[in-house]
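Since the structure of chain A is provided, determine the placement of chains B, C and D on it from the hints.
Protein chains: 4
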Amino acid sequence: MGIDIAASFAFSVERLSDVLLQFEAAAIPEQRILDSNCTMSKAEHIARVAAQDAIGERIWLHVDGRFEVSYTAQVEVDRIVADVATLARLEPHELPAEAVQYLLDSRYCPADRFQPFVEAEFGGSHGGARVAAIRDWIAGNFTYEQVSTTHTTALDSFVERRGICRDYAHVLVTLARASAIPARYVSCYAPGVDPPDFHAVAEVFLADPSVPGGGAWQIVDATGMADPAETVKIGVGRDAADVSFMTVFGEARFEEKEVCVRRA
Amino acid sequence: MGIDIAASFAFSVERLSDVLLQFEAAAIPEQRILDSNCTMSKAEHIARVAAQDAIGERIWLHVDGRFEVSYTAQVEVDRIVADVATLARLEPHELPAEAVQYLLDSRYCPADRFQPFVEAEFGGSHGGARVAAIRDWIAGNFTYEQVSTTHTTALDSFVERRGICRDYAHVLVTLARASAIPARYVSCYAPGVDPPDFHAVAEVFLADPSVPGGGAWQIVDATGMADPAETVKIGVGRDAADVSFMTVFGEARFEEKEVCVRRA
Amino acid sequence: MGIDIAASFAFSVERLSDVLLQFEAAAIPEQRILDSNCTMSKAEHIARVAAQDAIGERIWLHVDGRFEVSYTAQVEVDRIVADVATLARLEPHELPAEAVQYLLDSRYCPADRFQPFVEAEFGGSHGGARVAAIRDWIAGNFTYEQVSTTHTTALDSFVERRGICRDYAHVLVTLARASAIPARYVSCYAPGVDPPDFHAVAEVFLADPSVPGGGAWQIVDATGMADPAETVKIGVGRDAADVSFMTVFGEARFEEKEVCVRRA
Amino acid sequence: MGIDIAASFAFSVERLSDVLLQFEAAAIPEQRILDSNCTMSKAEHIARVAAQDAIGERIWLHVDGRFEVSYTAQVEVDRIVADVATLARLEPHELPAEAVQYLLDSRYCPADRFQPFVEAEFGGSHGGARVAAIRDWIAGNFTYEQVSTTHTTALDSFVERRGICRDYAHVLVTLARASAIPARYVSCYAPGVDPPDFHAVAEVFLADPSVPGGGAWQIVDATGMADPAETVKIGVGRDAADVSFMTVFGEARFEEKEVCVRRA
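Protein chains in written order, with this note's numbering: chain A, 1 to 264; chain B, 1 to 264; chain C, 1 to 264; chain D, 1 to 264.
One chain only, chain A, in its complex shape (with noise of 0.2 Å):
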């Protein structure tokens, strides 16, 4: 599947401070960077280091006053998408090192206090069919709405009962922990979101059906408007404070972003 992007944002820092970007579309296995273009203003220093998983790369700046980035990138996806739910699960003392990390608790997922929840909302299904049955819950009772701050977690989007794609996305990587199965946040391009902006889904670690005892990250989407198949992601992370686009040690004014993606 081709998928078209084309993005651009700027913002404005008072005094020279460090900032750290992510919005490249990652050079993974799954998806063929065709072709892209990336504009950015002059800064004292850019450097460039792979990011968490080495999914794509983080960019630091060095910068003052304004700061425009403009990007358009042509993407090949060829992602083999299974139906989650019906995916066994691995046990954790199956799981692969790496994997450990994404059962723990983050910034915004406090899974721990959730085993109680999870066990009477969820207890009757195991693996995929648990992760379905919780991004079901989470679709027919969120409202999709901008309530969100930095401060917020997923404890108060589950209690709030709403949010934005990144919302969404924590509560379902903070109830699968709770059912001891790994789960990232995956920031990402994908058509159908609305209104059009960068958007933010969960990947979840499942066996892998054409690999005995291995597993496999599956892309799933509780706001339901990206399609796995079509999704082009940027990074992944233990939860948005690790794959925020923008990052900023010091203060900046976010001054205007635009995000287009569309099916090439």
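Hints should not be assumed to be uniformly reliable.
Just so you know, same-sequence chains aren't split out, so a pair can sit in one copy or run between any two.
Stated by the list, open to error - Mimicking DMTMM-like on lysine to aspartate or glutamate, the simulated pairs with C-alpha atoms at most 25 Å apart in a straight line are: (1) K257 <-> E14; (2) K42 <-> D194; (3) K257 <-> D197; (4) K42 <-> E76; (5) K42 <-> E91; (6) K257 <-> D83; (7) K42 <-> D208; (8) K257 <-> D112; (9) K257 <-> E145; (10) K42 <-> E94; (11) K257 <-> D208; (12) K42 <-> E30; (13) K42 <-> D83; (14) K257 <-> E119.
Just so you know, these hints were derived from the structure itself, not from any lab.
Below, chains B, C and D without anything else, positioned relative to chain A:
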């Protein structure tokens, strides 16, 4: 420096549960395991995986009923310990990829909220001097007291100005990250910890004077109880959520614990 | 209904401190104090003031060292108990001035955050029927378990789905207020509380069928342990912060407590 | 001192909702309402009830669609203003019954958590001198900046060291209560507030030098913007939850607000 460790603990679970343990001295260049012995109760499954940053191992149990662990080790610590206050900062854009996650917010360390405080309180110092100032500020303003629970964050401890080693380490990690200095949480054994128990300290990533452009992790203990030259690392993580000596997926009743650490 | 109460407790403070106690059966029309006896250690100052809504009394102590309280009372409860589920709601604009504060958020009851939840879960019922639905939902979804601390709010208990009488009452108060029904917290004695201890229930303000346009407070106990006809009120408040049996300005070590409540 | 007030605001609700307003200058001995005029849109029901501590009135609306309020008043303030720093403390056991609730924790003011901080930071001062020290500490350490939401507590503001009048007042109230000094939240009009808006200050209950054994409330504004002699009280409460100028049971869209306060 030779260190002798003896640790034992026991817990019970009421139904078959997954439990993650991490309590053994890590086999890493800066500390040699001369001898070690670990006796554990039988479990349905026991599996070992590499722990975070490949420092130490995590042990998965699939277990029912009472479980006992008895561990002894002789460790030779051979760590180069610098005077933290004299070390320079690495600019964020100079950081290696793997250090970046330790700048970001985690479960117990909501660092972004402390940027105004660190600027106001420690604005005049940078790099290692700032870390030393933060350590001294905690030591001077906190009371060592057991008031924390598994929900207690660095924000809670900062407000209440008291806690145990876990909380001292969380506050130091948080204020270092708010200063754009990578900081991680280290579970460890150390002689001099009173009362004797598992211990926790912080590590910060600062310029390595012996490697131009390079950086190195330095142990900092705001409680003042552990000497970095005698500290035996068990594991590292973003905070206590990553490197608890016992993480239970389900309910466990902790039954006993005894830790003895001595200079050999 | 005659109720016999015997309660005793002791605590120690390390330096001269102010302590506020509230543990005696309130002398109010719905419960007559037939006999009571209270013995307390000597204190530098002891003063009594009327408690919240003029229900019961608060006792100020200015005290050092160990302090013991021993209290017995015989109380005749003569409360008109309605079937809450049958009572109509008073519209907010019909509420008397003194009930309005019990619609508003308090320390442990952040009701405004639960408006979407109560609409989604209980939207089909109103007034007393909604209160009964909330009570039954808590009873059906919560586990009675001592996990709370003085920091635990209704939001925490709602997420973790467990707690003790204090927490059950907080959640009921919170969900009632989120439904625009005034609700307050009642500390009390009641036979049948297991393990025997001070108890806490909620009260909601609903239409009084015997007084056109009037309202009355009705006891609701989501734990199901206390019968409203046998409940002896100590005091009322916005939540547990207002009507703790002991509030210390300083540090106290609680040393013993024994409560025995029986039908006469 | 004569003060002229003009305030107008408008909001919309999408379905019939209960709304509580409190925005008029309170008719109390210390401030005489010379003239006032209030124009409001039609509502299905409008009812007035006395507000907390009988200071001012709350207005209940049962309303649908857009609602507009336009209010003007001329007020003569005749308040005895003492130099807070010179006033003695009343010991808790000397407090009148109605002041006790203002020592206790409320929604936005979790005072019990700040006892170690106030002892460490302000332990050398007492009574009014401590209140003045707290006020000066806030003024010296906080930045006036709009970062708070309806969820922001004094604990959040204390950590982030910034906020608006609401947050300055919450922190002062919290630190006074942690010092065992009764403190309440006052919504008010005052000339000099910049940008012009509804304002909030704290009041503390200290010894009244003109009445042996008596106490009196004294206005303290940590923002420094309002002169107590020119402050027109709207209402008082435990914190902002009790005395918001608009509390909605449901969803409202705030549409405009204009406040102008001048010396006559």
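Open item on the list: Cα distance capped at 25 Å. Does K42 pair with D194 within a copy, between copies, both, or neither?
Closed with: Neither: 32 Å inside a chain and 37 Å across chains, both beyond 25 Å.
- [ ] Using 25 Å as the alpha carbon limit, work out where K42 and D208 are close: within a copy, between copies, both or neither.
- [x] neither (45 Å within a copy, 30 Å between copies)
TODO: Pop the pair K257 and D197 into one bin, within, between, both or neither, using alpha-carbon distances up to 25 Å.
DONE: within (8 Å within a copy, 31 Å between copies)
Task: Alpha-carbon proximity between K42 and E94, which holds within one copy, between copies, both or neither at 25 Å - done: Between copies, since 18 Å is at most 25 Å while 48 Å is not.
Open item on the list: Reference check for the pair K257 and E14, CA-CA at most 25 Å: within, between, both, or neither?
Closed with: within (19 Å within a copy, 30 Å between copies)
TODO: If the cutoff is 25 Å on CA atoms, where do K42 and E76 land: within, between, both or neither? Let me know, please.
DONE: neither (30 Å within a copy, 50 Å between copies)
Open item on the list: Treating 25 Å as the Cα threshold, decide for K257 and D208: within, between, both or neither.
Closed with: Classified as neither; 38 Å inside a copy, 39 Å across copies.
- [ ] Could you place K257 and D83 in one of the four classes (within, between, both, neither) given a Cα distance threshold of 25 Å?
- [x] neither (34 Å within a copy, 45 Å between copies)
- [ ] Please work out whether the CA atoms of K257 and E145 approach to 25 Å or closer within one copy, between two copies, in both situations, or in neither?
- [x] both (19 Å within a copy, 24 Å between copies)
Open item on the list: One pair to classify: K257 and E119, alpha carbons no more than 25 Å apart. Within, between, both, or neither?
Closed with: Neither. Shortest intra-copy (41 Å) and inter-copy (29 Å) distances fail the 25 Å Cα cut-off.
Task: Within, between, both or neither, where K42 and E30 count as close if Cα-Cα is 25 Å or less - done: This pair counts as neither: shortest intra-copy Cα distance 32 Å, inter-copy 42 Å.
Open item on the list: My question is about K42 and D83: at a cut-off of 25 Å on alpha-carbon distance, are they close within one copy, between copies, both, or neither?
Closed with: neither (45 Å within a copy, 37 Å between copies)
Of the numbered hints stated above, those contradicted by the structure are hints 2, 4, 6, 7, 11, 12, 13 and 14, listed in ascending order.
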